[in-house]
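All chains should be built: construct the whole structure from the sequences, respecting the hints.
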Amino acid sequence: MRSKRLLGFRRRSRVGVNVVMVLIVLLLIMPLWYVLNNAFKVEKEILRRPLVLLPSAATLDSVIRSFKAMKYPRVFMNSAIVFALSCALLISAGSLAAFGIAMAKSKLLNAVYVVLVAMITLPFQLAMVPLIFLLKGLRLMNSYLGTSLVYSGWFLPFVVFLYTGFIRTVPKELEEAGRVDGCGLFRSYRSIYIPLLKSITGTVLILRGVPIWNDLLVPIITISRATMSTLPLKLYSFIASSGSSATRWNLVFGSTFIVSVPILLVFLFLQRYFVRGVVAGAIKG
Amino acid sequence: MGLAGLSQVQRRQLVCFLFTLPALAIVFVFFLFPMLRALLFSFTNWDGIARTYRWIGLKNFQTVVSDSSFKQIVFNTLYLTIIYVPVLNVVALLLAVGVYNAGKAGNVYKAMLFFPNLLSMTVIGLIWNIIYRYNGLFNQFLKIVGLKVLVQDWLGQVNTVLPAMSVTIIWFAVGYYLLIYLAGLNTVPVEIYESAEVEGVSGWQKLVRITIPLIAPSITINAVLSTIGIVTLFDLPFVLTRGGPGFKSQTIAMHVYAYAFQQLRTSYALALAVILGAFAILITALQLRFLRRREEVIL
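In order, the protein sequence lines correspond to chains R and Z.
My numbering numbers the first residue of the first sequence as 12 and each following residue consecutively.
My numbering numbers the first residue of the second sequence as 101 and each following residue consecutively.
Any given hint could be a false lead.
Claimed, not checked - Restraint-style ranges between C-beta atoms, simulated for each label pair:
#1 R:S248 x Z:L178: 25 to 35 Å
#2 R:A99 x Z:Y153: 32 to 42 Å
#3 Z:Y234 x R:L65: 21 to 31 Å
#4 Z:L114 x R:V125: 18 to 28 Å
#5 Z:I149 x R:V272: 35 to 45 Å
#6 Z:V249 x R:A129: 46 to 56 Å
To be verified - The calculated DSSO-like cross-link candidates involving lysine-lysine, where the alpha carbons are at most 30 Å apart (straight line), are:
#7 Z:K243 x R:K55
#8 R:K82 x R:K55
#9 R:K209 x Z:K204
#10 Z:K159 x Z:K171
#11 Z:K248 x R:K55
#12 Z:K159 x R:K147
#13 R:K183 x R:K118
#14 R:K118 x R:K209
#15 R:K116 x R:K209
#16 R:K183 x R:K209
#17 R:K183 x R:K116
#18 R:K82 x R:K147
Hints are computed from structural coordinates only; laboratory data are not their basis.
Glycine residues also receive a C-beta, built at the ideal position from the N, C-alpha and C atoms.
Rendered as structure tokens:
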């Protein structure tokens, strides 16, 4: 990285900036520490020392109990299936459509593209109610496919927009060269373009995949059967059903922790991509 | 068949069009069509189940608007928009400047500030619901820093629930907007600051006169994204307060859900959803116009 001059301050105040930033960051991550350390304590210890984890008092008891009570493996699988199916639909249908839009020099498809882009900012709540009656009619309530199709319909406009923007930056000669070699359009999509779409697909996964994984609004209306519940929905109903009057603190912290672990692990390993993905998406948008 | 009669270019266009069909079909069936239905049925007494319905004009809208909760939910939505968008953007920009100036450690700060944004809003809502309780972490913190007078039930009171909710949403979202500002800052050539330093321009002036005008595009992006985000936000406020106490923290987006799935008043839900859609489009259009113009003036 190039050496940076300070934006507002002189160089010797870099130490000062760091001191202030450390304080701010510590303050802002306090809520996360609050959950993390309390997930490994028994209830009495949570109430006595909410912010200190004594090694002698550490226990996996809350985590194990929440894991069992939530039926975690099943719920995790539900979340994983909905996530995988939705992302598969978004990536395959989205990139293929974007390829078509970018390759055709067609006024009609350009108009379609403009309409799709305009749809990005429309609130989901506008479609929500008739959508549920539609799903009921198609027998797609309480189903992985139904839930995934809802996400696909909602997010495809944005995904097509991202892919189209990217494909338009790829030199046209690439496809033309393929055509000379006797590649049909679908072949050149599959063997020339798909390998190029890795980074933009990463952006799609971060900007739309992560929100799907975390979402409550869609499952709360499409899923009513407990065995089909996704992680956020299960967490919500789990805490709501245990009742606020008799909140069992160990289960609250244990369950919030185990619901957050998968994304925490992914973030630890793929941190760089997250930062890049957010920025790439925003600049295109 | 017909295909044989087409020219090379036409055939190519036809294939391209076929490529868009799967996506267009999904968007149409599962997004656009339900929206159009919502728009149409908001003028009828359709309840979602009965086959027959009739045109009743603006009656649903009249009922929704004259409902005692309507003023409150519009107020709440506007309150969140007007407080949240500027405060979030100022905080995100200042933190981005801090991260930028922090040198190598900046990457660590950036990752930590961004992380809450990856957690489910259900998790965030539950955590902060506990933090804001009377014997919760927030009040304990206030006691420690000597602000014992401020100790109160933050989510249970009419006049503290919205500010408390705004703080939580900003805490959740700030890392995302920080990243976009940081990317903007990294495009500003360092030489500008160097020559400003030579001329003895103060730190604050550099921020206001140089940095902010040069990252105007990031400001536009963030302002628009955060406005759309807050107007349609559901999960976080729903889990944090469920709109309470009473309707004091209920937003329009949450009330569409309440009408449709808690009170089972389909036609009111449709009318309110149409109002929400119009509101979202209007605000985005106004903002884009205003901010684009400002950008031109500054540049």
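Now for the hints, and whether the structure bears them out:
no., hint, result
1, R:S248 x Z:L178: 25 to 35 Å, "holds, 31 Å"
2, R:A99 x Z:Y153: 32 to 42 Å, "holds, 37 Å"
3, Z:Y234 x R:L65: 21 to 31 Å, "holds, 26 Å"
4, Z:L114 x R:V125: 18 to 28 Å, "holds, 21 Å"
5, Z:I149 x R:V272: 35 to 45 Å, "holds, 42 Å"
6, Z:V249 x R:A129: 46 to 56 Å, "holds, 50 Å"
7, Z:K243 x R:K55, "holds, 22 Å"
8, R:K82 x R:K55, "holds, 25 Å"
9, R:K209 x Z:K204, "holds, 29 Å"
10, Z:K159 x Z:K171, "holds, 18 Å"
11, Z:K248 x R:K55, "holds, 25 Å"
12, Z:K159 x R:K147, "holds, 27 Å"
13, R:K183 x R:K118, "holds, 18 Å"
14, R:K118 x R:K209, "holds, 29 Å"
15, R:K116 x R:K209, "holds, 25 Å"
16, R:K183 x R:K209, "holds, 18 Å"
17, R:K183 x R:K116, "holds, 12 Å"
18, R:K82 x R:K147, "holds, 27 Å"
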